[in-house]
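Chemist: Position one of the sequence shown corresponds to residue 514 (my numbering), numbered consecutively onward.
Think of the hints as simulated: they come from the structure by calculation, not from any bench.
Yeah, the Cβ is synthetic: ideal placement off N, Cα and C, and Gly gets one too.
Careful: at least some of the hints might be erroneous.
[Stated by the list, open to error] Listed below are the simulated DSS-like cross-link pairs for lysine-lysine, each with C-alpha atoms no more than 27 Å apart in a straight line: (1) Lys-759 x Lys-799; (2) Lys-953 x Lys-921; (3) Lys-1083 x Lys-994; (4) Lys-865 x Lys-994; (5) Lys-993 x Lys-1187; (6) Lys-1187 x Lys-983; (7) Lys-994 x Lys-1187; (8) Lys-1159 x Lys-965; (9) Lys-1083 x Lys-965; (10) Lys-983 x Lys-993; (11) Lys-865 x Lys-812; (12) Lys-865 x Lys-921; (13) Lys-994 x Lys-983.
[Unchecked claim] What follows is a set of in silico ranges between Cβ atoms, one per label pair, in the way DEER data are often shown: (14) His-570 x Glu-600: 35 to 45 Å; (15) Ile-788 x Val-672: 22 to 32 Å; (16) Arg-929 x Ala-519: 50 to 60 Å; (17) Glu-1183 x Ala-556: 35 to 45 Å; (18) Val-571 x Ile-614: 11 to 21 Å; (19) Ala-872 x Ser-963: 18 to 28 Å; (20) Pro-893 x Ile-614: 27 to 37 Å; (21) Asp-980 x Lys-550: 46 to 56 Å; (22) Lys-922 x Asp-640: 47 to 57 Å.
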Amino acid sequence: MLPMEAIELDAFRRVHADDTFWCGTLLGGCGGQLTTKLYTDRACHFAHHPDPDGLPHVCGRRSRGVDSADHLYVRSAAAAWLAGRGEQAAFEYTRTEGAPIGSVVDVRWRHGALRVHLDQAVAPVWDDGAEPVLGTMVPVDRDTLIHRWYVHRIRLNSVGTARHVQIGTEAFARPIEWFALDECEMTERGLSTPAVEKIVQARTAPRPSVWSPGKARKVPEPEARAQALLRRLVYARRIESVPVVKQVCADIEDLTGVDEELQEQLEAAVRHARIWLVEQDEQRRKLFDNLNRAVEEQKPGRVRRLLMHVNATAAEDRTEAESAVYERATTYFDSLDDLTRDAVEAEADTEKEAHKAAARVRSVLQRLRGYDAYPPDLRPQVEELLRSAASAGELLTRGEARRVEVWKKRAALGPREQLRVARRYWIQRSCPRCNAEEGKDCVLVEGPHSGKPRKDGHNERLQLELDERKAAQKMARQQKKARQEVEAPAEPMQPAPEVHEREVSPTRPLQERRPQSGREGQAHEARMKAAARLHHQVPRGDWYRMLCPRCHAGPGKLCENDDRVGPSAKRQLPHDERLRRVLQSDDRIGPGEQQKGVRDERQHQAPPPARAKARPSRPRRREREPQETAGSAARTWHAREVTCPKCQAGPNSPCTPHGLHHERVEWAKEFTRKLWG
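Start from the sequences, fold in the hints, and give me the full structure.
Modeler: Structure, rendered in structure tokens:
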């Protein structure tokens, strides 16, 4: 398969630089040489080399989808499967008149044979020596399912650039069960799957006898036969078998020797069965009338579809008139020229693709039933849904079309990233979208599963928490700025310098107060920010030595986390007011530092002496006992030390179920950024 993206085609060309490509005759091609076409605005593809005379190349291959090579994938898979069982198989692509190559694949080996029907072009033959295996679009009537107990199906699923074969077993009133080819075996009954063993065992096992205490009441023979006929009549109507219903009605009418009550039940059952037969005859009459009208109007596509319907539902007990209509339609269809028949086949392929697209739409809608928003990880599924819906057209029901329209509107707006907020925060709010109360999870508001719990909270609910956090952070910044303006020290008055001092160290107070700009201004701001980090200026042992004037936390106690900085109710760093009080205290600094610390509260009253006094020796601080702490600014938070916002795993506990979550790592990084300012 040629990659459809330009960047992938470049790598493809490098890998196959020494290879040549040819239009495969087993795919219906002409056998001419191909080249690769690279496009950036559409899908890349193979193309034929132009003819020497400059005319466009004409090729008979029509189907270029991945399923057009399914017969080759079937051959490859069957050869490998049989080789693993010691068998060497022969393959033949049987070409019945009017059927394209690849419709039927015959697989024969020493002990058996299979005939694989990949489409409806050739009707299956059940007693011809080769066991039929039908594609998913090949119809089979109920009578065949009842008579044969089961039939085998085949489908191919795309896995990367390959197609994998699966075998399914279909039985009456049982869903199709699919198995990998390696799970199948060849037995005396033919191709066998695990489902075949269950069906055969259920059909061949004797019915268990029912034991009842006491003496059983002996039922007269006519009454027992009447009850059996009633059950058989109900079963025949359920499977819509007209011949069986007619036969049972005749048997009931010939039955004698029953009491009046049971006779009334039999008559009522036969009366309703006759009405049902009239309805079936009317439907059958309309079917043949439509077939006759399609032949008269010369609509080959409609004739083909109706012939397939007749073969599936009215293959037996045809009247002379019905047989005449069927023969006329068959003769008309066989007399079509090649161009018309090719157009009919192309129309049938389009209809088949539409049915496949409708099936894909239902499958994607089934996978999207648990979402009422469009997150980015659903982009491939939504794109597949919209493409398939465009191909399915009117085959979708009204409900499916409405759901597709909802996803189309969401795709037009684009995917919306799911906000990430810990559940313990947003669960304390009510949801404005689904009206979930506080303490209740959000529920789906759209789709067939509306009202069921949602995996995450709605973005509208999480946005309320994020908006409140931003407002709190903005308020905290404003309060901090106001406190800094109030507590900022006044600029001290500079005394008139003496002459000898001016000569030694001239001062220019007017230039110092002049605002700085450019690189000097940026450097000044950086120095001011560094000076504002008080926890770098105070030793860690003195952080909690004094009472906090802001939250009133006592000595040795952590500050309250009133501005929501950090993972818990206690702050990782003490308040700036507490650190500033430590800086201004008298018992840890000398007279010179004391004068520098208290200048925020009072101005200098007298000029400094000409010669600074020698600083007295600082007394040695006594050893203090260990204090409670909530971390250090000079550290890095690791993911295992914080609570996971996704699975709520506590500190030093592993995340469940799959190791460390990305959200927990980001949460630890956020703590580290806050500690470092």
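Chemist: Now tell me, hint by hint, if it's right for this structure.
Modeler: Okay, the hints, checked on the actual structure:
Note on Lys-759 and Lys-799: the hinted pairing holds, with a Cα-Cα distance of about 20 Å set against a maximum of 27 Å. Between Lys-953 and Lys-921 the CA atoms are separated by roughly 30 Å; this puts the pair beyond 27 Å, and the hint is violated. Restraint check for Lys-1083 and Lys-994: satisfied, since their Cα atoms lie roughly 22 Å apart, inside the 27 Å limit. Only pairs whose Cα atoms come within 27 Å are accepted, and Lys-865 paired with Lys-994 is rejected, the gap being roughly 71 Å.
A hinted pair counts as satisfied when its Cα atoms are at most 27 Å apart, and Lys-993 with Lys-1187 qualifies at roughly 15 Å. This hinted pair checks out: Lys-1187 and Lys-983 have alpha carbons roughly 15 Å apart, not beyond 27 Å. For the suggested pair Lys-994 and Lys-1187, the alpha carbons sit about 18 Å apart, so the restraint of at most 27 Å is met. For the given pair, Lys-1159 sits about 21 Å from Lys-965 by alpha-carbon distance, which is consistent with the 27 Å threshold.
About 38 Å separates the Cα atoms of Lys-1083 and Lys-965, which puts this hinted pair outside 27 Å; it is violated. Between the alpha carbons of Lys-983 and Lys-993 the distance comes to roughly 15 Å, so the proposed pair stays at or under 27 Å and holds. Annotation: proposed proximity of Lys-865 to Lys-812 holds, straight-line Cα distance about 18 Å (limit 27 Å). Proposed proximity of Lys-865 and Lys-921 is supported: the alpha carbons are some 24 Å apart, at most 27 Å.
Annotation: proposed proximity of Lys-994 to Lys-983 holds, straight-line Cα distance about 16 Å (limit 27 Å). For His-570 and Glu-600, the Cβ-Cβ distance of about 41 Å falls inside the hinted range of 35 to 45 Å, so the restraint holds. Checked against the given bound of 22 to 32 Å, the beta carbons of Ile-788 and Val-672, roughly 51 Å apart, lie outside it. For Arg-929 and Ala-519, the hinted distance range of 50 to 60 Å is not satisfied, since their beta carbons lie about 29 Å from each other.
Here the CB-CB span from Glu-1183 to Ala-556 is close to 44 Å, well matched to the stated 35 to 45 Å. At roughly 18 Å, the beta carbons of Val-571 and Ile-614 sit within the given window of 11 to 21 Å. Between Ala-872 and Ser-963 the beta carbons are some 24 Å apart, a value that agrees with the proposed interval 18 to 28 Å. With their beta carbons about 33 Å apart, Pro-893 and Ile-614 fall inside the hinted range of 27 to 37 Å.
The given range of 46 to 56 Å is respected by Asp-980 and Lys-550, whose C-beta atoms sit roughly 52 Å from each other. As the Cβ distance of Lys-922 to Asp-640 is approximately 54 Å, the hint placing it in 47 to 57 Å holds.
Hint violations for this structure: numbers 2, 4, 9, 15, 16, all remaining hints satisfied.
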